[in-house]
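The task is to assemble the complex, starting from two chains supplied on their own in separate frames and drawing on the hints.
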Amino acid sequence: MSDRRSERPPGFERRGERGPVLRKGVGVPTSGWFDPRGKALGGFAFSANRVTGLGLVFYLYLHLGVLTLLLRGEGAWSDFLRLATSWTFLSLDVLLVLGILYHGLNGIRVALVGSGIVADRQRALWWSLGVFGTIVLVVAALHIFGSK
Amino acid sequence: MATIRTRPERTRSRTRSRGTRSGGSWTATTLTGVGLLVLLAIHMVANHFVVRSVGGLRSYRQIIEYISDPIIFAIEAIFLLFVTSHAMLGVRGVLLDLDPSPRARRWIDIGLVTLGLGTLAYGYFLIGTLASRA
Numbered sequence: 001m002s003d004r005r006s007e008r009p010p011g012f013e014r015r016g017e018r019g020p021v022l023r024k025g026v027g028v029p030t031s032g033w034f035d036p037r038g039k040a041l042g043g044f045a046f047s048a049n050r051v052t053g054l055g056l057v058f059y060l061y062l063h064l065g066v067l068t069l070l071l072r073g074e075g076a077w078s079d080f081l082r083l084a085t086s087w088t089f090l091s092l093d094v095l096l097v098l099g100i101l102y103h104g105l106n107g108i109r110v111a112l113v114g115s116g117i118v119a120d121r122q123r124a125l126w127w128s129l130g131v132f133g134t135i136v137l138v139v140a141a142l143h144i145f146g147s148k
Numbered sequence: 001m002a003t004i005r006t007r008p009e010r011t012r013s014r015t016r017s018r019g020t021r022s023g024g025s026w027t028a029t030t031l032t033g034v035g036l037l038v039l040l041a042i043h044m045v046a047n048h049f050v051v052r053s054v055g056g057l058r059s060y061r062q063i064i065e066y067i068s069d070p071i072i073f074a075i076e077a078i079f080l081l082f083v084t085s086h087a088m089l090g091v092r093g094v095l096l097d098l099d100p101s102p103r104a105r106r107w108i109d110i111g112l113v114t115l116g117l118g119t120l121a122y123g124y125f126l127i128g129t130l131a132s133r134a
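Taken in sequence, the protein lines are chains A and B.
Following this note's numbering, the numbering of the first sequence begins with 1 at its first residue and continues without gaps.
Following this note's numbering, the numbering of the second sequence begins with 1 at its first residue and continues without gaps.
Here chain B stands alone, though its shape is the one from the complex (with noise of 0.2 Å):
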């Protein structure tokens, strides 16, 4: 079978250790994505189909009402938790794409590890501050 070369030759060392998707990350980025296909669509509609108004928007009142409710809570914060996971797997990927060493691969994780955990920190206190509002 002919195949194309499609990177420069590396050392072992350098091929053992490149930064690449692995299959770990793919599937992760997958079933994410699938449960991403639901809830933004739930998300989506709920927040700009369903509210007769200019372009779907709610009202600050219509938002409180909306959000304190316990199953609409559970479905944003489960849809918060899964969107903030695909993006930063998402930006991870195009990030070791660029084939970076071990140790930048390592702050790569680190950075995105902490800057996903910071958003869903920062979400859950949003909605959650706001069901208070009730």
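Chain A extracted, bound-state conformation (with noise of 0.2 Å):
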């Protein structure tokens, strides 16, 4: 007869044991997400999500600091705007546009999915969004540059 421990599957005294978190869910849940290559839409789509929102809070703070010179009075706002009127000043805002419609627009797909109200429909949601987001960033672009 042979012993009864033997009869066991392999790591079954270790069952009881907590083991590591299996996630679910939208993205790409750990450390890595800084480098989409080889990865699937939705690996991409947290990734860009990830950059546009770092680069969004850095441009909070240039706000709020280019701001600042309208407590200086209306000779310093007047020479900002010079330089803010530029062509390069201009294409970094058609930049910050393109950043807040992409990380609005995958914001409102990831709450949707997440949220489990269209859980099996992300694919779809970021390229429709996508469509939508890319009319509204050329309507906003011809805007800002048809200014000048």
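None of these hints come from the bench; they were simulated from the model.
Incorrect hints may appear among the rest.
With the Cβ distance kept under 8 Å, some of the chain B side facing chain A (calculated, not the full set) [unchecked claim]:
1) Gly33
2) Leu40
3) Ser53
4) Val54
5) Leu57
6) Tyr60
7) Val83
8) Ala87
9) Gly90
10) Val91
11) Tyr124
12) Leu126
We treat Cβ as the ideally placed atom computed from N, Cα and C, and that holds for glycine.
What follows is the structure, encoded as structure tokens:
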């Protein structure tokens, strides 16, 4: 008669232990998000969301810094406006709109999928919101560059 | 159901205290994000798409006139609160994905709360000062 312990499957003794967290949901859960190479659409969307998010946080403080010029008075602000209405700065404005649109629209997708409202339509949402965002970006760019 | 081991196994105490984004944090990020969609749209349209000038940018006088309107002032104040909260929660999520120790996590929370409060204080000082110049 064989020993009863030998009939147990491998690792049986450790089944009661708490193991690593196996996460489900949208996006890449842990490190490596900043390298989208070889990842599926969800991984790319998650990486881009983080990059645009960090960029927008940087812009928030840059914006507050620029608005400090208003405290110095009309002259300082007029000097800044001369710089801000150059082609380079207007191009950066369009880049800002791109970042806001991507982060905002992808945020809608993540909220809808993550909350379970449309859990099985994340690819369709990504593409449809992408088309909508592209149209808005083109309109915004035409407006910004057209005002020059 | 097949599962994939996504991170190295940890001891019990480490697993309990691991720094990850909680459900409450996700909900807060989502709610502030939804609020931002509306407030940011108002902010961007009002500051870039209303005034007829290069880039839609307002002159100094136009800004003072704009921000001194009580409704606009209230909208911009709420916008600042939402954008700062959302930004701090987002940065916290990025930092917690690096899986910091409980001690580091505590410092991250303290640092981000301090930075957020400082940002709000400066932002309110800025728009309050400008509104008072009208």
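Comparing the hints with the structure gives:
The beta carbon of Gly33(B) comes within 5 Å of a beta carbon in chain A, closer than 8 Å, and the hint placing it at the interface holds. The beta carbon of Leu40(B) is positioned within 8 Å of a beta carbon in chain A (closest approach about 7 Å), and the interface hint is therefore held. With its C-beta approaching chain A no nearer than about 7 Å, Ser53(B) sits inside the 8 Å limit, and its interface hint holds. With 8 Å as the threshold, the beta carbon of Val54(B) comes within range of chain A, its nearest partner Cβ sitting at about 4 Å, so the hint holds.
Among the interface hints, the one on Leu57(B) holds; its C-beta lies about 6 Å from the nearest C-beta in chain A, closer than the 8 Å criterion. Look at Tyr60(B): its Cβ gets to within about 4 Å of chain A, closer than 8 Å, so that hint holds up. Because the closest C-beta pair between Val83(B) and chain A is about 6 Å apart, less than 8 Å, the hint holds. Proximity of Ala87(B) to chain A holds as hinted, the smallest CB-CB distance being about 5 Å (cut-off 8 Å).
Given the 8 Å rule on beta carbons, the hint for Gly90(B) holds: about 5 Å separates it from the nearest Cβ of chain A. Taking 8 Å as the C-beta contact cut-off toward chain A, the hint placing Val91(B) at the interface holds, the least distance being around 6 Å. Of the supplied interface hints, the one on Tyr124(B) is violated, with its beta-carbon coming no nearer than about 11 Å to a beta-carbon of chain A, more than 8 Å. For Leu126(B), the shortest C-beta to C-beta distance to chain A is roughly 6 Å, which falls under 8 Å, so the interface hint holds.
Against the hints set out earlier in the document, a violation occurs for number 11 only.
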